[in-house]
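Undergrad: Protein sequences appear in the order of chains A and B.
Heads up: the first sequence is residues 0 to 307, going by numbering that gives the first Met the number 0.
Heads up: the second sequence is residues 0 to 279, going by numbering that gives the first Met the number 0.
Take these hints with a grain of salt, some might be off.
Below, simulated DSSO-like cross-link-like pairs (lysine-lysine); rule was C-alpha separation at most 30 Å, straight line [to be verified]:
| # | chain 1 | residue 1 | chain 2 | residue 2 |
| --- | --- | --- | --- | --- |
| 1 | A | LYS194 | B | LYS278 |
| 2 | B | LYS107 | A | LYS220 |
| 3 | A | LYS220 | B | LYS278 |
| 4 | A | LYS220 | B | LYS12 |
| 5 | A | LYS194 | B | LYS12 |
| 6 | B | LYS107 | B | LYS278 |
| 7 | A | LYS220 | A | LYS194 |
Computed far set for chain B versus chain A, every beta-carbon distance over 12 Å [claimed, not checked]:
| # | residue |
| --- | --- |
| 8 | SER66 |
| 9 | THR141 |
| 10 | ARG189 |
No lab work stands behind these hints, which were simulated from the structure alone.
Idealized CB from N, CA, C, for every residue including glycine.
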Amino acid sequence: MARSDTKTADKAQRPGEGRIAMLLLAPTMIVMTVVGLYPLLHSLYISLTNYNPTFGGGSSLVWFENYARAFSDPQFWNAVGLTLIFTAISVTASLVLAVALSVLFNQRHPGFVVLRTIILVPMLITPIAVGITWRVMMMPDLGVLNYLLGLIGIPPQLWASNASTALLSVILVDIWQWTPFMFLIVFAGISSLPKSPFEAAAIDGASPMRAFFSITLPMLKPVIVIATLLRIVDAFRTYDTVYIITRGGPDFSTDLVSVYLQRVNFRFFDLGYGSALSWLTLVIVLLVVLIFVRLTGFMKLVADKENR
Amino acid sequence: MASQKPLLSRAAKLAAAYALALIATAFFAFPVFWMASSSFKSELDISQYPPVWSFTPTFENYAKLASELDAFDAFVNSAVIVGLATTLAMVCGTMAAYALARFDVRGKEIIAFEVLSIRMLPPIVSVIPMFIIARALGIFDTYWLLAAAYGLAGLPFVVWVMRVFIQDIPQSIEEAAMIDGCSRFQTFWRVTLPLLLPGLAATMVIVFMFAWNEFLLASMLTSQNAKTLPVIAANAIKPKAIAWGLASAAGVVMSLPVVVLVLMMQRYLVRGLTLGAVKG
Numbered sequence: 000m001a002r003s004d005t006k007t008a009d010k011a012q013r014p015g016e017g018r019i020a021m022l023l024l025a026p027t028m029i030v031m032t033v034v035g036l037y038p039l040l041h042s043l044y045i046s047l048t049n050y051n052p053t054f055g056g057g058s059s060l061v062w063f064e065n066y067a068r069a070f071s072d073p074q075f076w077n078a079v080g081l082t083l084i085f086t087a088i089s090v091t092a093s094l095v096l097a098v099a100l101s102v103l104f105n106q107r108h109p110g111f112v113v114l115r116t117i118i119l120v121p122m123l124i125t126p127i128a129v130g131i132t133w134r135v136m137m138m139p140d141l142g143v144l145n146y147l148l149g150l151i152g153i154p155p156q157l158w159a160s161n162a163s164t165a166l167l168s169v170i171l172v173d174i175w176q177w178t179p180f181m182f183l184i185v186f187a188g189i190s191s192l193p194k195s196p197f198e199a200a201a202i203d204g205a206s207p208m209r210a211f212f213s214i215t216l217p218m219l220k221p222v223i224v225i226a227t228l229l230r231i232v233d234a235f236r237t238y239d240t241v242y243i244i245t246r247g248g249p250d251f252s253t254d255l256v257s258v259y260l261q262r263v264n265f266r267f268f269d270l271g272y273g274s275a276l277s278w279l280t281l282v283i284v285l286l287v288v289l290i291f292v293r294l295t296g297f298m299k300l301v302a303d304k305e306n307r
Numbered sequence: 000m001a002s003q004k005p006l007l008s009r010a011a012k013l014a015a016a017y018a019l020a021l022i023a024t025a026f027f028a029f030p031v032f033w034m035a036s037s038s039f040k041s042e043l044d045i046s047q048y049p050p051v052w053s054f055t056p057t058f059e060n061y062a063k064l065a066s067e068l069d070a071f072d073a074f075v076n077s078a079v080i081v082g083l084a085t086t087l088a089m090v091c092g093t094m095a096a097y098a099l100a101r102f103d104v105r106g107k108e109i110i111a112f113e114v115l116s117i118r119m120l121p122p123i124v125s126v127i128p129m130f131i132i133a134r135a136l137g138i139f140d141t142y143w144l145l146a147a148a149y150g151l152a153g154l155p156f157v158v159w160v161m162r163v164f165i166q167d168i169p170q171s172i173e174e175a176a177m178i179d180g181c182s183r184f185q186t187f188w189r190v191t192l193p194l195l196l197p198g199l200a201a202t203m204v205i206v207f208m209f210a211w212n213e214f215l216l217a218s219m220l221t222s223q224n225a226k227t228l229p230v231i232a233a234n235a236i237k238p239k240a241i242a243w244g245l246a247s248a249a250g251v252v253m254s255l256p257v258v259v260l261v262l263m264m265q266r267y268l269v270r271g272l273t274l275g276a277v278k279g
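Looking at chain B on its own, in the form it has when it is part of the complex (with noise of 0.2 Å):
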C-alpha cells in the first residue's frame, strides 16, 4: 500500500512531461505542416472556410512554380551562387583557420577580431556600396555579385569555427607525421584533414544554410538573371491577387534541401552555431 501514492504520483509526472513534450511539439511542428498541406490544396480548397483538413492532393502548384514562377530557373541560380560562395568561403576560410590555429601569426588578435565584426555587420550597412559598385563595374545582376557577398558573410565565420575544429586537434598526432618525413602540406593533407570531415562538414551546412536562405541582398542586387529562390517565392506575393497554394509549394522547394542536408549533421551543428564556443 505504502508504494501505491509514489507510484501515482510519478506515473502522472511522466504523463504531465509527455503531454507537455508533445503540445511544444505541436506547436512548432503545426505552421510547417500546414504550409505542406497548403501546397497541395487547390485553389479552391485553400478558400475553404473552415479550414479543409481532408482533401484530394494535387500537384497543380508545383506544376505552376515552373511554368508562372521560373521556378526551376531560380532553383539552378541558388544552386550555382551558393555553391560558389560556399567554396569560396570553406576554401579561404579553413586555409586562414589553419594559419591562426598552427602558426605564430603577429597580429592575430587583430584578425580575429576584424573576422568577428564582420559577423556582426547587418547586411543592410554593407548593401548601398555593393549596389553602387556593382552597377559601376557592370556586374549587378550576375552570379557572381550574389556570390562574393553570399562567400564574404560566411568567410569570417568558417575562419573562427574552423579554427576551433583544427584547435581540438592535437598537434602531436601533426608533429608525429612529421618527424616520419612527411611535409606540412602532406600532414594536413594526410593527417588531419580525415580528422576534420565531420568539423567540415557541418560548417559547410551551416554556410549553405545560410546564403541558402537569404532574401535581403538577393533581392536588392538582382533584377532578371540572377534571381534567387527566395526572391521569386516572394513575388509571388502580391498586394491583391495573392496565389497562397503557389508561395507554400515555393516555400517547401526552398525549405526541403536545408531540413534535409542540416538534420543530417545535427550532431556537429551546436558546436558550428555557436562559433564553436558551446560543445555538443
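So that you can see chain A by itself, here it is in the shape it has in the complex (with noise of 0.2 Å):
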C-alpha cells in the first residue's frame, strides 16, 4: 500500500479522477479485445480444428492433431532454420555496419549531414518497391549488378535465381533495407554521448580504438540492445520483399516462415493447421527475444531507465 501511496502523490492525481482515466483508457481496451485478443483466442481454437474452407466449411476439434503434424513436417522446420539463420546474419550485419556508419558521421565534416540524410532512405521506400527494385537489379542477364560487377573484372553471378546464392541475396537486401534503422539510432545514440571519458582517454594516451572498445561500445550498450531487440522482431516476421524476389524459391532455399505459412493458409486452406503452424512461431519469437533478453540483461537496462 505504501508503495502505490508514492505513487499517487507523483501523478498529482486529484480527488474523483479516478473515473476519467477509465474512461480515458476505455477506446484502447475494447479496440485491442475486440481487433486484438478476440482474434487471437480465435485462431488458438482454429489450430485444435482441421477447418479447411475449401472442403464445405465444416470442422470438427482434432485437438493435438495439428501440433504434432507440425513437429514431423521438414518443410515447417526448414522454414524456421532458414528464418534463424536469415535474422541472425541480416541483424549482426547491419549492426555492425550501422555502429561503423555511426563512429564515422560522428567525425561531423561539412557535407555529411547531407549524407547521412541520404542514408535514411532505404528504411523509407515502400519493402513491395524495394523487392521490385532489387528484382530488377538482380536480373541474371540484364540486370544492372552484374554489369556493375562486370567494370571491376568480377564474373556475372545469378543472385537470386540460383538456391545456394539466393538465401545471401535477399539478406543483401534486408541489410540495405534495415541498416540505415540501426544507423539512425546507433547515430542518436553516439552523438549523446557525454565528451568528458573521451578527453581523459586522450590524455591518458589511449589509442583511438582502444577508446572505441573501452568506451565508446559499453556507454552504448543500452541503445545497441534496444536497437537490435526491435530488429530481430521485425527481421523474423520479413515476407514482403522475400515474396517478391522469389516466393521463397528457388528449390525452397529462401522459403522464411511466413512465406511458408502463407502458402499453407492462402494457397492450401488448410486454416487449422496454418493456424497452429503461427502459433508455434509466435513461440519460437518468444522464445529467441526471451534468450536474447536473458543475455543483454535488457530488463535490468529498462528497470535502471526507468529509476533514473
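Starting from two chains that each stand alone, build the complex the way the hints lay out.
TA: Here is the structure:
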C-alpha cells in the first residue's frame, strides 16, 4: 500500500478523477480486445480443428493433431531454420555496419549531414518497391548489378535465381533496407555520449581503437540492445521483399516462415494447420526474444531507465 | 618541417573519411536512384544491356499506372484506410497514454505489458481469424476491415510512445494551470497539447508509415474494392510478362509520400522508433 501511495503523490491525481482515467483508457481497451485479443484466441481455437473452407467449411475438433503434424513437417522446420539464419546474419551485419557508419559520421565534416540524410532513405521505401527494385537490379542477364561487377572484373552472379546464393541475396536486400534504421538509432546514441571520458582517455594516451572498445561500445550498450531487439522481431516476420524477389524459391532456399505460412493458409486453405503453425512461430519468436533479453540484461537496462 | 607530417596524415585521414562516407552513401542511394530512373525509361530502354545511363525520359509508365493498374483508385483506398487507421490509433492511443502517464490506474503494468506484446505479435498469427471473422461479418474487402487492422497495429505503439512524451512534460506546469482554475480538460487542451505537438506529429508519421507500407494483411484481406497501393504494385509482377518500368513507377508513387513526410520529422524520429527508449 505504501508503495502505491508514493506513486499517487507524483501523479498529482485529484480526488474523483479515477473515473476519468477509466474513461480515457476504455476505447483502447475495447479496440485491443475486439480486434486484438479475440482474433488471437479464435486462432488458438482454430488451431485445434481441421478447418478448411475449400472442403465445404465444416470443421471438427482434432485437438493436438495439427501440432503433432507440425513437429514432423520438414518444410516447416526448414523454414524455421532459414528464418533463424536470415535473422542472425542480417541483424548482425546491419548492426556492425550501423556502428561503423555512426563512428564515421560522428566526425561531422562539412556535408556529412546531407549524406547522413540520404542514407536514411532505404528504410522509408515501401518494402514491395524495395523488392521490385532489387529484383530488377539482380536479373542475371539484364541486371545492373552484374554490369557493375563486370566493371571491376567480377564474373556475373545468378543472385536470387540460384538456390545456393538466393538466401544471401535476400539477406543483402534486408541489410540494405534496415541498416539505416539501426544507423539512425545508434548515431543518436553516439552523438549524445558525454565528451569527458574521451578527453580523459586521450590524455592518458589511449589509441582511438582502445577508446572505441573500452568507452564507446560499453556506453552505447543500452541503445544497441534496444535497436537489436526491435530489429530481431521485425526480421523474423520478413515477408514482402522475399515474396516479390523469390516467393520462397528456388528449391525452397528462401522459404522463410512467413512465406511458408502464407502458402499453407492461402494457397491450400489449410487454416487449422496454418493456425497451429502460426502459434508455434509465435512461441519461437518469444523464445528468441527471451534468450536475447536474458543474454543482454535488457530488463535491467529498462529498470535503470525507469529509476533514473 | 616538423608539422608537415601530422598535417599530411590529417589530410589523408580527412580524404579517407570522405571516401568512405561517399562509398556508403552510394551503396544506400544507388537502388533508389535506379528505381527512379527506371520509372522514366521506355520499355525499349529498360531492356537494354549494358544498361543505359542517359535516355530521353518518358512519362508513359506513370500514364499506364492510371490506365492499366487502377493506381488512382488504389491511391484513394490507401489514403482513406491509412487516414482512418491513423486517426483511430492517435485519438484512442493518446487518451490512454495520458491516463497511464498522469493517473494512478490499477493494473497499469499489465496494461503496459499487453500493449507491448501486441507490438511483438507477427501479423501472420492474426490474419487467419481476421479473414474468417471478416467473411462471417461481410466486411471482407472493405475499408473498415483494413482500417481496424492497421489501427490496432498502431495503437499499442502510440500508447507506449505518447506515454513517454507526456511524462517528459513536467507535472508542475499542469498543476500551475489547474491552480489558476483550469479544469483537467482545459489544462490538457491549452497547456499540455501544444507542448506535445512535435511528439504527436512524429508518432503519427511513424504510424502512417507502417500502415502505408503494409502488404501482407492488405493482400489477404482485400480482393477488388479495397486494394491498396502495395497490392496493385505487387500485381504488376506476373511470372511471365513483368512490366518493370510500370512496377518501378508504382514504387516511386508509393514511396514518395513517406520519404517526404518522415524526412520532415527527422528530429523526433529516433525517440518514436525506439518506443521512447532512446533520445534523438
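Undergrad: Tell me the numbers of any earlier hints that the structure contravenes, in ascending order.
TA: none
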